[in-house]
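Here the protein sequences come in this chain order: A and B. Read left to right, the first sequence gives residues 1 to 454 (our numbering). Read left to right, the second sequence gives residues 1001 to 1293 (our numbering).
Bear in mind the hints are in silico, worked out from the structure with no lab data behind them. These numbers come from a predicted model, not from an experiment. Watch out, some of these pointers could steer you wrong.
[To be verified] Distance ranges between label pairs, derived from CB positions:
id, chain 1, residue 1, chain 2, residue 2, range
1, A, Thr271, B, Ala1197, 30 to 40 Å
2, B, Gln1201, A, Asp259, 56 to 66 Å
3, B, Asn1131, A, Glu246, 49 to 59 Å
4, A, Asp259, B, Trp1200, 48 to 58 Å
5, A, Gly68, B, Asn1131, 46 to 56 Å
6, A, Thr271, B, Lys1154, 13 to 23 Å
7, A, Glu265, B, Ala1231, 43 to 53 Å
8, B, Trp1066, A, Glu265, 24 to 34 Å
[Claimed, not checked] Pairs of lysine-lysine, DSSO-like flavour, derived with a Cα cap of 27 Å:
id, chain 1, residue 1, chain 2, residue 2
9, A, Lys440, B, Lys1154
10, A, Lys240, B, Lys1057
11, B, Lys1145, A, Lys102
12, B, Lys1057, A, Lys258
13, A, Lys233, B, Lys1063
14, A, Lys233, B, Lys1070
15, B, Lys1063, A, Lys240
16, B, Lys1228, A, Lys258
17, B, Lys1057, A, Lys440
18, B, Lys1145, A, Lys195
19, A, Lys249, B, Lys1228
20, A, Lys124, B, Lys1057
21, A, Lys199, B, Lys1063
22, B, Lys1063, A, Lys440
23, B, Lys1145, A, Lys440
[Stated by the list, open to error] Some chain B residues near chain A, calculated using beta-carbon distances under 8 Å:
id, residue
24, Leu1042
25, Gly1147
26, Leu1151
27, Lys1154
28, Pro1241
No residue lacks a Cβ here, since even glycine has one placed at the ideal position from N, Cα and C.
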Amino acid sequence: MKKKLAMILAGVMTLSLLTGCGEKAETGAEDLEVTENAAEESVESEETPLADGGKLSVMMSSGDYGAGMITQALETVAEGMGITLEFEVIPDDQMLTVTNTKLATGNGGDIILHNFGLTDISEKDLASLDGEWVGKITDTTYPLCVGSDGSVLKAPLGGESNMGFIYNKKVLEEAGVSLPIRNYEEFIAACELIKGSGKTPVYISNQETWTAQILLLCSMTSVFDGNPELIHKLTTNQVKPAEIPELVKLFENAISLKDLGYINEDYMSATNDMAFDALANGECAFYAQLDSAYSSLNEFYPDKIGDLGMMYIPLWDNEEDGYVLFGTATNYLSIVGNSENLDLAKAFVNKMVSEDGLKVYYDLIPGSAPYKDLTVELNANAFNREMREYAKTWPSLREFNNALYDGEPALSNFYGAFSERIQGMFSGISVEDTLSEWYKAYYADAAALRMEGF
Amino acid sequence: MNKLENKYYTKWLVLPAFLLFLVFFIIPNLASFVMGFTDWSLFYFDEPRWNGLDNFKRLFSEKNFWICVKNTFYFSVVTVLGKNILGFLMALLVQGEGRYKHFLRAAFFLPITISSLVVAIIFVSIYNPTNGLLNNLLSAVGLGKLGVDWLHTKGVALNAVCVMELWQQVGYTMCICLAGMESVPAEYYEASKIDGAGYWQRVFKVTIPLMVQSLTVSVMLSIISGIKVFAQIYGTTNGGPADSTQVLSTFLYKSFGNGYLGYSSAVGLFMTLLISVLTFTVVIIMRKKEVEM
């Protein structure tokens, strides 16, 4: 008996060890087999390389590295200059810490590809950038590239992102829902129809910390926009988010989607990939995302991409509060101030954000480039085009923490791990507690930044 | 060798190890202790300011911190008990001579050789609610209704991580227990057999009392690893859902990630104190129970 029991236990432990190895990863090697298209040829056929030979290190997050297209664009341009790039990939949730630690200890390498605000990372450790491209940065993105002394420290590369609902046209059509949907009441009515047709109205992928927040990023800027008194009170700690009724109502509207049963049952463990799958295969109607999702959807569901569109997120009660979210550039290139290859790094960044470099990038990753007055036409995706149409009748605003209030990104220090707060709200934390936790988080940031009033 | 050389001979031999210990343990810990009383952050990396007990006031007033303390204790208690009870029982199974003894010992010990993060990845796939092994297995035997989202359901997630930890670590405890059992002289068993003691009587009256020293070590190591748990949580739930599985180490990691270096030092200081107090208490209690062989 004893021997048998021991054998069984040994067998179970050995088998358990092996079970995990057979699972097919949802995203894996196949993700890295990125499309090989005309982009590679582009730079090779360009004019004489600016630099010949040399090696540069590029630090980037696993999210940016993941699909392989950004690295492909960077490498294509680098190859044209005879430069070899070495990528240092940092897990998404460690990127800010590692970047700041490396900068503080003088080990930042050469180039950083990131999407941090200049209040998040140490300005003094970044090299100032200059080039013809500086004058072409859009007015939306430019203020976020400039340091406190007026020098440009970030070269915007990725497209100015639209955020909103990606929707499945066929699902809406089958449920009898027609667009435009202009406010929360109409949206709830649409969700009811979709639910009645047996499909999930809104997909939430709450395992990913950052996705559910898009619902509110796309609907809460109007609370602050045009309200300088509120901005002043918030930034001087005279008012807390929970004391702003319009904000509380928006949060309640967002969580009502869960309370009314309009979201997927496995929302806590669902991932972004699962959401894409459900959306493309017509199992759900809406999923809040960035327009950059177009590239992945087009790659993995090429025959379904035509069924998908993008719209704003109408969680506001009054349609006068509505807007279309046009964000700033999705990623930027910065050069480490004490880089041993400063000149080469600057030459590379200048080439990357030149029209030729941007062409390479946007051929691979279509989007709305953060540059104006370009002489070449860059590849924008269908989602961007649809959002631009909505922006003809609705105002366009940025997410609350990047929006300019009287020309200043006054709430840039008030993000307060917002994504985690919204993830928590969908996992069962009340609106009141969610707003309170958000306040505590940004309070801690503001105190660490030694801001007045905190 | 003169008298003076003889006196310092052993100390010179210790010096290299002591220097390493000083540079990589004592000095960083002392620095961390001091920093725990400053507002040092990545935002003002070069200008830390003394802020007295503010970090500790903030720490003790944070709701999440107390959730972390509760979770850390829960994880420690469950895993300390589980590891030691199961480890002891498994040691009993593989103790003594037997044809497959070495294979079984190796099989039980095998999981400990894998990195905790790798184990976490394996269990994330086993616990996957839609196509994971566990839910599929439950469905296959007609218990599909018991299937849940193991790592993302409040009240279940932490237990699921405890099970994973037990699966990986129980072989290690088994080894410690086995070493203790093997050190018990065979005459004691022979004498108790002659006196008519049954198998379980021999276990409780001979084996356990004579191997308390090994159990003390095992319990102490389990407590330390339980309180320091990080990779298991980080690799599976990352503290979610909604901080319900957050433990002290992930809390510290998160506050460090936010750039609050002084505050993180305060959290680290609290953890060190907690581990020290608990470990010493347990060691003192267990020592009293040890039986001189």
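Hint-by-hint comparison with the structure:
1. Between Thr271 of chain A and Ala1197 of chain B, the C-beta spacing of about 57 Å breaks the proposed range 30 to 40 Å.
2. A beta carbon spacing of about 59 Å between Gln1201 of chain B and Asp259 of chain A agrees with the range 56 to 66 Å that was offered as a hint.
3. Between Asn1131 of chain B and Glu246 of chain A the beta carbons are some 42 Å apart, a value that contradicts the proposed interval 49 to 59 Å.
4. Between Asp259 of chain A and Trp1200 of chain B, the C-beta spacing of about 55 Å keeps the proposed range 48 to 58 Å intact.
5. In this structure, Gly68 of chain A and Asn1131 of chain B break the distance hint of 46 to 56 Å, their C-beta atoms being roughly 25 Å apart.
6. For Thr271 of chain A and Lys1154 of chain B, the Cβ-Cβ distance of about 19 Å falls inside the hinted range of 13 to 23 Å, so the restraint holds.
7. Checked against the given bound of 43 to 53 Å, the beta carbons of Glu265 of chain A and Ala1231 of chain B, roughly 30 Å apart, lie outside it.
8. Hint check: Trp1066 of chain B to Glu265 of chain A, Cβ distance near 31 Å, so the stated range 24 to 34 Å holds.
9. For a cut-off of 27 Å, the pair hint linking Lys440 of chain A to Lys1154 of chain B stands: about 23 Å separates their Cα positions.
10. Straight-line distance between C-alpha atoms of Lys240 of chain A and Lys1057 of chain B comes to about 21 Å, which keeps the hinted pair within the 27 Å bound.
11. Restraint check: the Cα-Cα separation between Lys1145 of chain B and Lys102 of chain A comes to about 49 Å, which exceeds 27 Å; the hinted pair is violated.
12. Distance hint between Lys1057 of chain B and Lys258 of chain A is unfulfilled; the C-alpha atoms sit about 36 Å from each other, more than 27 Å.
13. This hinted pair checks out: Lys233 of chain A and Lys1063 of chain B have alpha carbons roughly 26 Å apart, not beyond 27 Å.
14. In summary, the hint linking Lys233 of chain A to Lys1070 of chain B is not supported, as the alpha carbons are separated by about 36 Å, beyond the 27 Å threshold.
15. Distance restraint check for Lys1063 of chain B and Lys240 of chain A: the Cα-Cα separation of roughly 18 Å lies within the 27 Å cut-off, and the hinted pair is therefore satisfied.
16. A hinted pair counts as satisfied when its Cα atoms are at most 27 Å apart, and Lys1228 of chain B with Lys258 of chain A does not qualify at roughly 36 Å.
17. With a CA separation close to 14 Å, the supplied pair Lys1057 of chain B and Lys440 of chain A stays within the 27 Å bound.
18. About 24 Å separates the Cα atoms of Lys1145 of chain B and Lys195 of chain A, which keeps this hinted pair within 27 Å; it holds.
19. As the CA atoms of Lys249 of chain A and Lys1228 of chain B are separated by approximately 41 Å, the hinted pair breaks the 27 Å bound.
20. Pair hint Lys124 of chain A plus Lys1057 of chain B does not hold up; C-alpha atoms about 32 Å apart against a cutoff of 27 Å.
21. With a CA separation close to 38 Å, the supplied pair Lys199 of chain A and Lys1063 of chain B exceeds the 27 Å bound.
22. For the hint pairing Lys1063 of chain B with Lys440 of chain A, the CA-to-CA distance comes to about 11 Å; that is within 27 Å, so the pair holds.
23. Straight-line distance between C-alpha atoms of Lys1145 of chain B and Lys440 of chain A comes to about 40 Å, which puts the hinted pair past the 27 Å bound.
24. Taking 8 Å as the C-beta cut-off, the interface hint given for Leu1042 of chain B holds, the closest approach to chain A being about 4 Å.
25. Against a cut-off of 8 Å between C-beta atoms, the interface hint on Gly1147 of chain B is violated, since the closest Cβ of chain A lies about 11 Å away.
26. Proximity of Leu1151 of chain B to chain A holds as hinted, the smallest CB-CB distance being about 7 Å (cut-off 8 Å).
27. The interface hint given for Lys1154 of chain B holds, since its Cβ lies 7 Å from the closest Cβ of chain A, which is under the 8 Å cut-off.
28. With its C-beta approaching chain A no nearer than about 4 Å, Pro1241 of chain B sits inside the 8 Å limit, and its interface hint holds.
Consistency note: the structure conflicts with the earlier hints numbered 1, 3, 5, 7, 11, 12, 14, 16, 19, 20, 21, 23 and 25.
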